[in-house]
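J.: These protein sequence lines are chains A and B, in that order. At position 380 of the first sequence (counting the first as 1) the number is 379 in numbering that gives the first Met the number 0, and the numbers step up by one without a gap. At position 235 of the second sequence (counting the first as 1) the number is 234 in numbering that gives the first Met the number 0, and the numbers step up by one without a gap.
Treat the hints loosely; a few may be bogus.
Put simply, identical chains are the same to the list, so a pair is met inside one copy or across any two.
As the list claims (entries may be wrong) - BS3-like cross-link-like pairs, simulated, lysine-lysine; straight-line CA separation at most 27 Å: (1) K211 to K251; (2) K100 to K343; (3) K211 to K415; (4) K85 to K415; (5) K230 to K211; (6) K4 to K211; (7) K149 to K251; (8) K251 to K230; (9) K7 to K81; (10) K415 to K13; (11) K13 to K251; (12) K7 to K100; (13) K8 to K100; (14) K211 to K8; (15) K230 to K7; (16) K424 to K85; (17) K424 to K251; (18) K7 to K303; (19) K100 to K13; (20) K7 to K424; (21) K7 to K149.
Keep in mind the hints are simulated off the structure, nothing from the lab. Note that the structure is a prediction, hence the values are computed from the model and not measured.
Each chain is listed here by its residues.
2 protein chains.
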Amino acid sequence: MINLKVLKKGMVMKLDGAITYFSIFMRWIFISVIIGLITGIIGIIFQRSVAWANEFRIAHSFLIYCLPIGGLFIILFYRLCKIDPKTGTNLIINSIRSDCKIPSLLAPLIFFGTVVTHLLGGSAGREGAALQLGGTIGSQISRFLHLDAKVGNIVVICGMSGVFSALFGTPVTAVFFAMEVISVGVIYYAAFVPSILSALTAYEISLLLGGKTEQFHLLTVPNITASIVCKVILFASLCGGISIVFCTAMHKTDHLFQQVLHNDYLRILTGGLLITLLTVVLNTEDYNGAGVSVIERAIGGIAKPDAFFWKILFTAVTIGAGFKGGEIVPAFFIGATFGCSVGKILGIDPGFAAALGLIAVFCGSVNCLFTSIVLSVEMFGSEGLILFAIASGVSYMLSGNYGLYSSQKILYSKLKAEFVNLNAK
Amino acid sequence: MINLKVLKKGMVMKLDGAITYFSIFMRWIFISVIIGLITGIIGIIFQRSVAWANEFRIAHSFLIYCLPIGGLFIILFYRLCKIDPKTGTNLIINSIRSDCKIPSLLAPLIFFGTVVTHLLGGSAGREGAALQLGGTIGSQISRFLHLDAKVGNIVVICGMSGVFSALFGTPVTAVFFAMEVISVGVIYYAAFVPSILSALTAYEISLLLGGKTEQFHLLTVPNITASIVCKVILFASLCGGISIVFCTAMHKTDHLFQQVLHNDYLRILTGGLLITLLTVVLNTEDYNGAGVSVIERAIGGIAKPDAFFWKILFTAVTIGAGFKGGEIVPAFFIGATFGCSVGKILGIDPGFAAALGLIAVFCGSVNCLFTSIVLSVEMFGSEGLILFAIASGVSYMLSGNYGLYSSQKILYSKLKAEFVNLNAK
């Protein structure tokens, strides 16, 4: 009899456990679809706005002369909203680890700032902005629903995944990026199901409203031989180095601007003038805006050998001076153009090397290894998986503790099975 | 002048850092290629032996009557080598987290035990055995090279990846599995580059020696619609449940055998007799050995509705009684046959549902989310990525803290962004 009672008690406990899991699961389906709907709509509006800004700028090349003035407006609006213009992706990353609040006005500010930057020819991406937009939306929803911090963090990750996914059309990458960028070596897998549902909903909404997937068709994927593997390892080592140069350039330019020019307005004005001057001197618009067409050309096998250098300079000045946008599409640009040029020298098909470079420089700059591998599959299909995985791994390892986001924690060493807990530098 | 000195000192330090990274990197290339060579040769010999054992058994169906006697020899050899017959994958997983030693004789024993189990019709996989073989080889190399524990662990992971990769032909999955199976939520990324180089070398060696990649061509990949996503979520929830049933059956059968029959020889003899009896009564050889042909048929859209149930029973009895082999191909079998049958009811293409079920039950049973997603890409290509990711995520979440390997640590909760540190149950 006692055994039967124990058995009954055990079964009731198991049933309770199953009901807990199932109710949490159903709640997440509900919340994440709502987040997906909101972030999908905002994400596609943002994506269309940035695309329009780039197209309009290309059709009206005089706009580059307005960049310094546009910059002043960006700072003005941040100041009017009482938000420090330096607030950015680092705050979103920090908010997931600590209790610091994300101000709701950050969403319209980063939206406006990024569109102005792209419209007037600053060199920047959109994905960092997507993380800020999505993170802010997630944080507002979490506050509205009075969720506790451990659940609220997942809602913030859902928001980040949602906007990234709507903007870029790669839902699985969006989820892993939002999960992996916070801390290297520890993954909150609990966020996966909510995030993938948000990301997928947002992606489908974006497709309905005219969005598209960033996919490239690779003309050549080399067969795996000892020779190509050695070349890819050598090439990825160089990409790791380029990631370090890119991250260092971003941080040093930022510090230099802050040290030399204490006033925000003066800083963005100077930066804007520098970009305008550089554009006029180089007599090309390749390095203004997102530069997606240059990336496409590189993956097609055509790139200028010095393009990666200029993109590093343009982006470092643009973001360092206080303009808005992300660093990820620039990282793609740098990797793809570098890869295309160096691929030719190393005897790797230039188009394939551009794809490899895009993934490897992204990986070295953001320290997100899974994300990079999934990104390669979503962008380029599964055929080159092994070579993309090697390139990501080597660039990840050799880029050391450098990273675009100084709030990112590197919890486990890249060289040993050891807990280190460093900030990316 | 002082500034120049500081600058010089800084540059020297940076150069030192770069040299450290580069020399560690070069050392890893060297070690991991050696490990890849050794594990590749042993892995392909193992793969060919198990394949031969399965073919030979199919051609000589009387062999099933020898299973009980074969079991006695397995126990005898373990006893002669003074190794507890219960030693298995859990020891390998533990050895990476603690200082416990892996005995070198485990490698020939698991090799012999698995081949005998497959030859005589026990129901088991090969991948668990691959982890043990590879882990033991890695551990011996680490001891031979007098490496410290934090580096030695990576060598063990390299060995596991190498044999798994040679055996199964999926190098990227092999690496993530070896990295992810140890602890859920924390990943030693430092192991990635060494492991991928070992896995790739082993894979190439295996191809040279007649190995092949486990790849399936999916006839139908559904377009993403709200309806298919809902069906996949429901289906994956069921797969999570099946994973719990499978893990519980494995553990409970093991305990029951131990409680009722204290003697190892008697236990394996009884288990062998049970399997023989079941085979004769059911009058089919579908559930003996690895059952790869049944998996292939399921992915082709054909499976018996009760096949998954019998495979759970056969595998639980085989492994619980003390026969050798892995639990992963059985998990594939269970997921694929379950998926094929339930897919028809839910209105998902049966072949595609079999593929989804294979991945989802694997994910729920081993709690390796990223591995499952990469496995889906390496086995089935990138076309169904989003649906595979959803299925893996849902099964991962709803399978709770159950798992095939009781030494696996679940460090982060599946429901919240929270550190929990539990053993899989």
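J.: Enumerate the violated hints, using their earlier numbering and listing them in ascending order.
T.: Violated hints (numbers, rising): 1, 2, 3, 4, 6, 7, 8, 9, 12, 13, 14, 15, 18, 19 and 21; every other hint is consistent with the structure.
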